[in-house]
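**Q** Sequence:
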Amino acid sequence: MRLVLLLWASEAAWLQLLGRMAVVSERAEKERGRGGSDHRRKRWIKAFEACDEDNKGYLSREDYKVAVVMLFGYKPSKVEVDSVMSSVKQDQSGISLEDFLNLMSAKKATHLYHCEARQLFTAFDRQCKGFLSLEDFKKAFSLVAPKLPERTIVEAFR
Numbered sequence: 008m009r010l011v012l013l014l015w016a017s018e019a020a021w022l023q024l025l026g027r028m029a030v031v032s033e034r035a036e037k038e039r040g041r042g043g044s045d046h047r048r049k050r051w052i053k054a055f056e057a058c059d060e061d062n063k064g065y066l067s068r069e070d071y072k073v074a075v076v077m078l079f080g081y082k083p084s085k086v087e088v089d090s091v092m093s094s095v096k097q098d099q100s101g102i103s104l105e106d107f108l109n110l111m112s113a114k115k116a117t118h119l120y121h122c123e124a125r126q127l128f129t130a131f132d133r134q135c136k137g138f139l140s141l142e143d144f145k146k147a148f149s150l151v152a153p154k155l156p157e158r159t160i161v162e163a164f165r
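Add 7 to a position in the sequence shown, counting from 1, and you land on the number used in our numbering.
Since the hints were derived computationally from the structure, they do not count as laboratory data.
For every residue, glycine included, the Cβ atom is placed at its ideal position computed from N, Cα and C.
Be careful, since some hints might not be right.
[Claimed, not checked] No farther apart than 20 angstroms at their CA atoms in a straight line, the calculated lysine to any residue pairs in the SDA-like style are these:
id	residue 1	residue 2
1	LYS115	GLU87
2	LYS146	ILE160
3	LYS115	SER44
4	LYS49	GLU60
5	LYS63	SER94
6	LYS154	PHE131
7	LYS114	TYR81
8	LYS53	GLY101
9	LYS53	LEU108
10	LYS85	LYS63
11	LYS154	CYS135
[What the hints assert, rightly or not] Distance ranges between label pairs, derived from CB positions:
id	residue 1	residue 2	range
12	LYS49	LYS85	27 to 35 angstroms
13	LEU155	LYS63	12 to 20 angstroms
14	ILE52	ARG158	50 to 58 angstroms
15	ARG125	PRO153	18 to 26 angstroms
16	ARG48	LEU141	39 to 47 angstroms
17	SER103	LYS145	43 to 51 angstroms
All chains, full assembly: derive it from the sequences and hints.
**A** This is the structure in C-alpha cells:
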C-alpha cells in the first residue's frame, strides 16, 4: 500500500515513466513477433470460443471463470465475477464476445499498470526492504524528473 501512496504523491512523474516503459514494452513485444494488441485480441477470441462450449454466443459465469484462468492464470474471486456478471445487459444470458473483449482489454490495461508499477518500485527499492527510503525516492526522481526541486520531492515523500 505504501507504493500506492508514493505513486499518488507524484503521479505525473511516475505516469510519465510508466508511459515510457509501456512504449518500450510494446515495442519489445512486437519485436518478439507478437503483434501487440492484435495478438492479444486473437488470443482473447480463441479463449472465448474455447470456453463457449455449446457455441451459444456468450459466456456463462463458469465459462468466464475458466477464460480468466486461461488468459491470466488465476481464478477470479466471487466478487470479481459478480461484478462482471452484474454489468451484463439484462436481456442477455451471459457475456457476449464484444463485452468479453472490452472486459479483457480493461483487465489487461490494469494488469500491465500494476505489473509495471511493481517493477518500478522494485527497481527503486535498492536494498529490497519493501519500502522506499527518502534517499531511494530522491534517486528515483533524479532519474524521472531531474529538474524537480528537492523540496517538492521531500513534500511528496511525506
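**Q** Does each hint hold? Answer for all of them.
**A** To see whether the hints hold, each was checked on the structure:
{"no.": "1", "hint": "LYS115 x GLU87", "result": "holds (15 angstroms)"}
{"no.": "2", "hint": "LYS146 x ILE160", "result": "holds (10 angstroms)"}
{"no.": "3", "hint": "LYS115 x SER44", "result": "holds (10 angstroms)"}
{"no.": "4", "hint": "LYS49 x GLU60", "result": "holds (18 angstroms)"}
{"no.": "5", "hint": "LYS63 x SER94", "result": "holds (19 angstroms)"}
{"no.": "6", "hint": "LYS154 x PHE131", "result": "holds (18 angstroms)"}
{"no.": "7", "hint": "LYS114 x TYR81", "result": "holds (13 angstroms)"}
{"no.": "8", "hint": "LYS53 x GLY101", "result": "holds (17 angstroms)"}
{"no.": "9", "hint": "LYS53 x LEU108", "result": "holds (11 angstroms)"}
{"no.": "10", "hint": "LYS85 x LYS63", "result": "violated (23 angstroms)"}
{"no.": "11", "hint": "LYS154 x CYS135", "result": "violated (27 angstroms)"}
{"no.": "12", "hint": "LYS49 x LYS85: 27 to 35 angstroms", "result": "holds (30 angstroms)"}
{"no.": "13", "hint": "LEU155 x LYS63: 12 to 20 angstroms", "result": "violated (55 angstroms)"}
{"no.": "14", "hint": "ILE52 x ARG158: 50 to 58 angstroms", "result": "holds (52 angstroms)"}
{"no.": "15", "hint": "ARG125 x PRO153: 18 to 26 angstroms", "result": "holds (24 angstroms)"}
{"no.": "16", "hint": "ARG48 x LEU141: 39 to 47 angstroms", "result": "holds (44 angstroms)"}
{"no.": "17", "hint": "SER103 x LYS145: 43 to 51 angstroms", "result": "holds (50 angstroms)"}
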